[in-house]
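Following the hints, position chain B against chain A.
Top to bottom, those sequences are chains A and B. Numbered per this note's numbering, the first sequence spans residues 1 to 102. Numbered per this note's numbering, the second sequence spans residues 1 to 233.
Note that these hints are calculated values from the structure, not bench results. Glycine is no exception: its CB is placed at the ideal position from the N, C-alpha and C atoms. There could be a bad hint or two in this list.
Unchecked claim - Here are the simulated BS3-like cross-link-like pairs (lysine-lysine), alpha carbons at most 27 Å apart as the crow flies:
| no. | chain 1 | residue 1 | chain 2 | residue 2 |
| --- | --- | --- | --- | --- |
| 1 | B | 153 | B | 101 |
| 2 | B | 93 | B | 108 |
| 3 | A | 25 | A | 58 |
| 4 | B | 153 | B | 108 |
| 5 | A | 25 | B | 153 |
| 6 | A | 58 | B | 101 |
As the list claims (entries may be wrong) - Here are a few chain B residues that sit away from chain A, every Cβ distance over 10 Å (derived from the structure):
| no. | residue |
| --- | --- |
| 7 | 30 |
| 8 | 31 |
| 9 | 40 |
| 10 | 49 |
| 11 | 54 |
| 12 | 57 |
| 13 | 59 |
| 14 | 102 |
| 15 | 178 |
| 16 | 180 |
| 17 | 184 |
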Amino acid sequence: MNMILEFLIANRESLHLEKYNLSDKLDFVLLAPRFRASSHILFLIFPRGSPRPTLVVKVPRLAGINNSVEREAANLSAIQASRPEGFNSIPYLVAIQESHNR
Amino acid sequence: MPSFTSTSIISGVIGKTSGTADNQFKDHLLQVSRRLDWRFLLPNPDLGNVAYLGPEEDSLVDTLQLFCQTLTQINSLQLVSTRLNDFDLVVIKNPTNQYLKVGTQLLKPGGYIFIETYGWSRIDKPGLYLKYCYDFLQHRESSGQPWSLPHIKNVIRRLGFQTIHAYWHWPNFEACTRIIGLDDTDSQTLAFSFQENGIQAYLKKALSSGLFHPGWVQYWVPYFSIIARKDSI
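In isolation and in its complexed conformation, chain A is listed as follows (with noise of 0.2 Å):
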């Protein structure tokens, strides 16, 4: 099992998995984008039997190298954190957590 399964299956409870239909079984798809600047590989988490990912997670490709992830949660924080309901039309951050120094 890869490092992100293992982490959403050993912290289904703390993240609230089943607000996103997440069952014991994840399918997912490992995006790995090639233009120059990218320094980061995205797993989409689909629930079973939908083709709609409820959960993305972006993962930076080299360790140590965390800012650009680190700033772009906080963005999400302050911008969902604006107005009491949110914005449906930008992601909620689930969770931010370091693994392996990334």
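Just chain B now, kept in the frame of chain A:
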């Protein structure tokens, strides 16, 4: 064979070079690291002590040199006897039965094997399948060349691996933008339809449900890898 971790490279360069050179080096590492995006399919993307069996000239081995703690290219059977159960990861490119057997012996219990190879539908070498079929029919197991994904899985299952996962690298290994699980049909269908809506997504899903019928896809997928864990004794 040079061997160092990516962390030690970065910190070494930071102390001795200007900011521009450091940024250039980090950018170089970032660009070449894409060849190893599959490492995020492992429980730990830091690769540790790695053994490599395969062609000496290959982008895979060139990149591994930069991203593992130590890299040992196995080119003599004499070396194998001194390094049994010694490696965290064994990487095999274009597996033969002998590579698979040797790779298993080199791997620590609990370590992982990563196998990268081509199917018959590889666009730049479409005749490969015919050669595999010919070899298989003529020589069976003695040909030394496992000829399909199910065949390789069977071989490593017989060698004692229990947890085995297969992945499709789209469009190929060098320019990979998607890595798709081959263990169930859903992942494959999703990988090609999640960005679309309406009739196009419906048609793609209908087409892919046929092409990705369980079992079939394993015979035509052009670029695939297998990751398996060697069980602890």
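Each hint tested on the structure:
1. For the hint pairing residue 153 of chain B with residue 101 of chain B, the CA-to-CA distance comes to about 13 Å; that is within 27 Å, so the pair holds.
2. For a cut-off of 27 Å, the pair hint linking residue 93 of chain B to residue 108 of chain B stands: about 19 Å separates their Cα positions.
3. Proximity of residue 25 of chain A to residue 58 of chain A is assessed by CA-CA distance (about 20 Å); at most 27 Å being required, the pair is judged to hold.
4. The suggested pairing of residue 153 of chain B with residue 108 of chain B holds, with an alpha-carbon distance near 19 Å, which does not exceed 27 Å.
5. A distance of roughly 22 Å separates the Cα atoms of residue 25 of chain A and residue 153 of chain B; the hinted pair therefore holds under the 27 Å criterion.
6. For the hint pairing residue 58 of chain A with residue 101 of chain B, the CA-to-CA distance comes to about 36 Å; that exceeds 27 Å, so the pair is violated.
7. With a cut of 10 Å on Cβ distances, residue 30 of chain B falls inside the contact zone with chain A, its closest approach being about 6 Å.
8. For residue 31 of chain B, the requirement that its beta carbon stay farther than 10 Å from each beta carbon of chain A is not met, with the minimum near 7 Å.
9. Its closest Cβ contact with chain A, about 6 Å, brings residue 40 of chain B to no more than 10 Å, contrary to its assignment away from the interface.
10. The Cβ of residue 49 of chain B sits about 16 Å from the closest Cβ of chain A, beyond the 10 Å cut-off, so the non-interface label holds.
11. Annotated as non-interface, residue 54 of chain B keeps its C-beta farther than 10 Å from every C-beta of chain A; the closest such distance is 21 Å.
12. No Cβ of chain A comes within 10 Å of the Cβ of residue 57 of chain B; the nearest lies about 23 Å off, and the non-interface call holds.
13. No Cβ of chain A comes within 10 Å of the Cβ of residue 59 of chain B; the nearest lies about 14 Å off, and the non-interface call holds.
14. With a cut of 10 Å on Cβ distances, residue 102 of chain B stays outside the contact zone with chain A, its closest approach being about 26 Å.
15. A beta-carbon of chain A is positioned within 10 Å of the beta-carbon of residue 178 of chain B; the least distance is around 6 Å.
16. Non-interface status of residue 180 of chain B relative to chain A is broken: a Cβ of that chain comes within 10 Å, the nearest being about 6 Å off.
17. With a least CB separation of 7 Å from chain A, residue 184 of chain B falls inside the 10 Å interface cut-off, contrary to its annotation.
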